[in-house]
Amino acid sequence: MPGVAGAESLLGEVEEAEAALREAADRALDGEASFEAVIAADQKIEPRDAMPDAYRAGLIRQIAQHAHSEIIGMQPEGNWISRAPSLRRKAILLAKVQDEAGHGLYLYAAAETLGVSRAELDAALLTGKQKYSSIFNYPTLSWADVGAIGWLVDGAAIVNQVPLCRCSYGPYARAMIRVCKEESFHQRQGYQSLYVLAQGTPEQRAMAQDAVDRWWYPSLAMFGPPDADSTHSAQSMAWKVKRFSNDELRQRFVDMCVPQAEILGVTLPDPDLKWNEERGHYDYTSPDFEELMRVVKGDGPCNRQRLAHRNRAHEEGAWVREAAAAYAAKNRKVSA
Amino acid sequence: MTSDQPLWEVFVRPRRGLAHTHAGSLHAPDAGMALRHARDLYTRRQEGVSIWVVPAAEITASSPDEKDSFFDPAADKIYRHPTFYELPEGVAHL
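Residue numbers (this note's numbering), protein chains in the order written: chain A, 331 to 666; chain B, 12 to 105.
Because the hints were derived from the structure by calculation, they are not lab data.
Hints should not be assumed to be uniformly reliable.
[Said to hold, decoys possible] If you want the footprint, here are the derived chain B segments under chain A, 3+ residues with CB under 8 Å:
no., segment
1, 24–38
2, 43–56
[Stated by the list, open to error] Derived CB-CB ranges, DEER-like:
no., chain 1, residue 1, chain 2, residue 2, range
3, A, 355, B, 65, 37 to 47 Å
4, B, 83, A, 611, 28 to 38 Å
5, B, 69, A, 647, 21 to 31 Å
Cβ atoms here follow ideal geometry from the backbone N, Cα and C, with glycine treated the same way.
With the sequences and hints as input, model every part of the structure.
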């Protein structure tokens with residue numbers, strides 16, 4: 331397959347973030363380091379450190395929403411596990427969906443270090459009190475969608491997440507380093523799967539193009555509202571939770587995707603997409619942010635279905651949790 | 012609920028010759044399940060050759076509020092470091 335330069339340099343960025351984390355940890359801070367001093371020195375805040383209430387609350391909101399996204403994110407692709415075109419593709423897809431579950435669990439554990447319980451987090455997802463990424467409210471209509479999700483959705487997620495490896499909260503930064511390393515496999519398998527389709531029969535090529543047409547703008551919307559309308563950004567930047575603005579990251583993603591699309595032989599569905607010599611970036615059409623807000627508020631194609639499925643899975647798994655608890659209680663009694 | 016299950020801290024030995032290091036945490040009803048979950052969660056890509064799981068409730072931790080006074084006794088004993096000692100010029104193997 332052709333080289334995916336974007337993924338390689340992104341993985342390099344993850345490794346740099348990991349090295350920076352170790353290097354910052356080795357620099358001694360004098361005396362009783364205040365929250366501000368730790369942030370200023372690019373060191374990490376750890377779970378039992380003093381921190382402003384708003385820092386704690388903001389991180390819980392962000393990490394929880396991120397964890398919920400991983401959990402709900404299993405559904406669109408899980409939809410194709412039983413219909414994967416070969417055993418090889420099925421094994422890859424299973425491993426990927428299992429990774430998403432793992433990522434959700436790393437992130438829940440990071441959120442719990444801030445004093446929120448897993449019960450609260452579970453309830454917030456199941457009742458719809460907390461959101462997950464709106465991208466997962468779009469349906470996966472064909473097998474090519476699995477490839478397009480890997481390339482575009484996971485690609486956008488990585489661009490968003492790589493800077494989080496440098497987040498000022500230690501447990502979140504460490505979880506993100508682990509997530510990003512695994513996520514790069516997701517993006518590559520998607521790109522490669524789409525590449526195979528794009529080299530295939532006219533029908534397969536049309537299927538790949540149709541998937542790209544449907545996933546392009548929702549992927550651009552994953553970076554959130556334009557900077558001017560972003561509500562949490564300024565404080566989040568000052569606290570070094572967030573490192574780049576929504577629009578900066580969106581631009582970075584577009585610049586990465588254009589050459590990748592050319593190699594794939596698919597057309598990105600934007601007639602105004604063109605290189606801007608002056609800016610040194612591609613000009614592109616913004617996604618429909620009104621649509622994004624509609625989907626965030628619950629009116630996307632699959633919002634109700636996704637949440638209903640999660641609730642059903644949770645209820646249907648109750649007997650397993652009860653049996654495991656009963657077995658653990660019995661063994662405690664025997665050994666007591 | 013998963014949430015009613017106790018929290019376990021997971022330590023993984025990456026390779027022979029290295030110490031177990033903290034990998035993360037998870038909820039499980041008992042130690043056996045905690046080990047299996049830890050394998051599925053933290054060693055999906057051969058990251059380890061050995062796993063410890065420890066009930067988080069059994070860990071006693073020092074408090075960051077008392078960090079300074081707690082670790083203070085070591086701060087003024089610089090004579091514990093070899094660099095404290097000035098040696099006459101030319102002396103080798105020391």
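Evaluated hints:
1. 24–38: holds (count 4)
2. 43–56: n = 5 at 8 Å, threshold three: holds.
3. 355/A to 65/B: 37 to 47 Å: 23 Å, violated
4. 83/B to 611/A: 28 to 38 Å: 54 Å, violated
5. 69/B to 647/A: 21 to 31 Å: 27 Å, holds
Consistency note: the structure conflicts with the earlier hints numbered 3 and 4.
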